[in-house]
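A.B. asks: Two chains, two frames, some hints: make the complex.
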Amino acid sequence: MVETILAATDIGKRFGGFVALEGIDFAVRRGERVGVLGPNGSGKSTLVNCLTGVLRNETGEIVFDGQRIDGLATHQRIRRGISRTFQIPRPFASMTVRENVEIALLYAGRLATTGPGVAGAGDAAAILDLVGLGAKADESSGQLTQVDLRKLELARAMATRPRLLIADEAMAGLSRAEVDEILALLLRLNAEGISIVMIEHIMYAVMKFSQRLCVLVAGRKIADGDPDAVVKDPEVERAYLGD
Amino acid sequence: MSPTAFLAAAAAVAVAVFVAATTVGNEYVYFAGYTVLQYIVLATAWNILGGYTGYVNFGSAGFFAIGAYTTVVIYKTLQLPLLVAIPLCGLTTAILGLGMGYLTLRLRGVFFAIATLAMAIVLHTLIVNWPFVGGARGVYIIRPRDVAFFDGYMQFLFAVMLALAVIAVWIARLVERSRLGRGLAAIRDDELAAECAGVPTLKLKLISTTLSGFLMGVAGAPFPYYVTYVDPNGAFNLAYAVNSIAMPLIGGMTSWAGPLIGAILLGTLQQVATVTISSALSLLIVGVLLVLFVTLAPNGLVGLFAALSQRRRHG
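Each protein sequence line maps, in turn, to chains R and L. To convert a position in the first sequence, counted from 1, into our numbering, add 28. To convert a position in the second sequence, counted from 1, into our numbering, add 377.
Because the hints were derived from the structure by calculation, they are not lab data. Positions of the beta carbon are idealized from the N, C-alpha and C atoms, including for glycine. Possibly wrong hints are sitting among the right ones.
[Claimed, not checked] DEER-style ranges, computed between Cβ atoms:
#1 P380(L) - D166(R): 22 to 28 angstroms
#2 R58(R) - A386(L): 33 to 39 angstroms
#3 D157(R) - P380(L): 30 to 36 angstroms
#4 S555(L) - A212(R): 35 to 41 angstroms
#5 I498(L) - N68(R): 43 to 49 angstroms
So that you can see chain L by itself, here it is in the shape it has in the complex (with noise of 0.2 angstroms):
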């Protein structure tokens, strides 16, 4: 399938998605699946660096939470809509991207795992400490009262972050199947092989952080608008560092579906957690499943269902 045929293809699975929405006419919908679409992109996100790539981004925290501070910042100065706000947040987050990659790519695997993870905690305590994002205390957000063409604020909101993700995943699949998609992974098998092979490895691996940076912006950006009250604990949760790496785990490392199958199970199952049990045991569910995952199926479900028709084919 081509690129623009996929593209139409994920936008009208996404249309019939809003639809499907709409007609069960409870604001809780939008309310659940914006938390599910939001991982989608988090997780896709995550996965072009840490999937196609080879480098274990603890630090998804951090880029989630500066691409909704940026928003915060921009509703605090410009007062700029959200949807132009988006491709700003993203931006920034791909600077932040960008500056992890130079910083940190020369480490290798535990050591680029564990300087991201100090990226999000050093980037937790400067919100923390900058007063005028709200510091330690937060910052309320004031929705517009209306939206043009939705049914309230919400559905806007469900509506923005189903494009993300359909745009999201289509990025995604562009850069699996492209020149650049077969370098990364050919930096993911072996870096120094793939150098040899030609392979400007520097280069490809500050392209995937920054692509990476840009997407998890983007995940965050409207999130603001989402809780309306947004503080540290909140933003740098570390339920979306845990996700965006177990999601992706969960489904499969090596193509664009894995991540985004990972996220509706995963980000589904936790939902109906926290409304049935309790919140708390939504992220136990994402640890007992990693561990299965981990030890049972490495390769995600993809890997377990290629592995599955494989063998059908073999007899």
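Extracted from the complex, chain R is given alone in its bound form (with noise of 0.2 angstroms):
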């Protein structure tokens, strides 16, 4: 058993002259939660984008479970089990809740093999309930609130089976109470064993959060380690705070 599931070293990517990440090594082990932070701009989408395989880095390597992907398609990537969130949430607009859970169950939840048009429809309504949408399953998914959106969001991205979760910006824009929400239910997540990574603008979310913290500055990381310790690190400070 690998105790690294994800370690990725000299991940560079430039758009144009603009040098978006260099030389950026991130690893994240089994049953880990790590919080990233940056400043607008950073490179962290694109370092989540990267390891997605939505965009392709240009340096470097990604080893996952073992085994390099970065090469592999997207969607070969979230087989694997690395499965992420958007940002902005981007639900199949034209189904219901219960429908968008089930494309991913059907492509990726390794229920393909059940054969055409058989879902596990148990396991979207499971997959549902341990989101808090269950009640919701057959609402068109582009009436949801935002923070609901976000939960099938994660829903979405749970039902791939992943091992490990990249959550960009689940959070953002929503109240204190929904951010609780979100946090508890990533934490449940983590709990049956989920490496879970957690891209964050909220400062409460992730120091509640993260065990482990990188931070990166302008497409370079500044600061690996115990989260404590990296926001009094003097750079970190300055890259936020100014000098």
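C.D. replies: What follows is the structure, encoded as structure tokens:
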């Protein structure tokens, strides 16, 4: 059994002349909760996109569960057990909440072998109950509130049966009570053995959640370690508060 | 209803339509009916890519014409009977669809639509400059004098198109309710989110362009025997591109019933207008209806009915 579930080394990505990521080493241990912090434009979402194959990293390599995955298409990485949510929720708006989850179950939830049209209805219901959307299963996903959309993002990610979940600002714009709700949900998922990377601006949530904290600034990783130590790091303070 | 039961029911409807047509006892019924049926196949084919997958194809006329011209080539070389030629025509345009998919599916939205339009123009130019199939002058096709079991060749063509329409609608319904169809719907709603839900989007889009291309070629295959004189302007007619978009749009794009209803309604209306008023007016009708539906009922008739019945249910 490999202790490290994800190991990305020397990840680099440019957009034209703009260096979005440079020399990023990023690893996640099995069952770990990692927070990623960084100002806007620091490369957090680009990192998520490189890890999940939405963008291709130009340098470096990504190893997931002992195997190289850079070069694989996104859906192949998802099927291997990496899942993600989107910063701005992207529901399948013409479908109900349940159908949204069923897509992921059908294509990545290892239910694919059960034949056409046979989505595990029980599985979808269980996942929706887990995130607290059970009562809204038959509602149109386009009509959901912000917090419910975030929950749907998580439900769909869970339906792919991930071993590593990357939550890209799953709480942005939510109220304190709603943040607590999502936070409790993520902790529950982690308790089930899923490693979680949480990309977040909300300091309170990051500090409460993370066992380890990484800080990105201008495409570079400037700190990585114990959250309490990292936030006291003078370089991190400078990046956030200025000189 | 299971796919087999649906096929049986559709076949029964087709037989009923055929019997009804024979009782009229006028060749013109077959002639007009053929056009409507051809549009059912074409609109259904377009909808697999346009409605289910969300990629608007403006090049339907290109696929239709290549289907027709494949028949011309077969007629001039192997001289195979029409029923054998049809699947070969479908195969040709399926490959064309696959190629188009590979080349253009990285384009999204309006750029994909423009690329398909450009492809149709390129194909048009190729055919115009290919003397073997008649070039710009066109080519004559001589129908076989007799055909077994049928009362004249036009009746035979009508029956063939009726069967093709049944098959096309059956395939569309099968796709719609399958794992494939749900994946296509996910792509239509949000391609990136679909990929992140594990949907192999490129593969599914290629299946969609291939299948759509296949059915469009099939729709065009009997065309040379129907008109007996094929020229590029006839085969690549704008009406095919416009109608194959307008019919699903007016009927509704998310279900198999949409293009079927749209094709029957609009196809019939155009036939009536052509006979009673003028053939130029029939395209005008399409344009006006298109504008009305896009503004007033963007989900087509199927969507309109669904919304009305929902409103009634909720009081």
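A.B. asks: Check the structure against each numbered hint from earlier and tell me which ones fail, lowest number first.
C.D. replies: As far as the earlier hints go, only 2 is violated by this structure.
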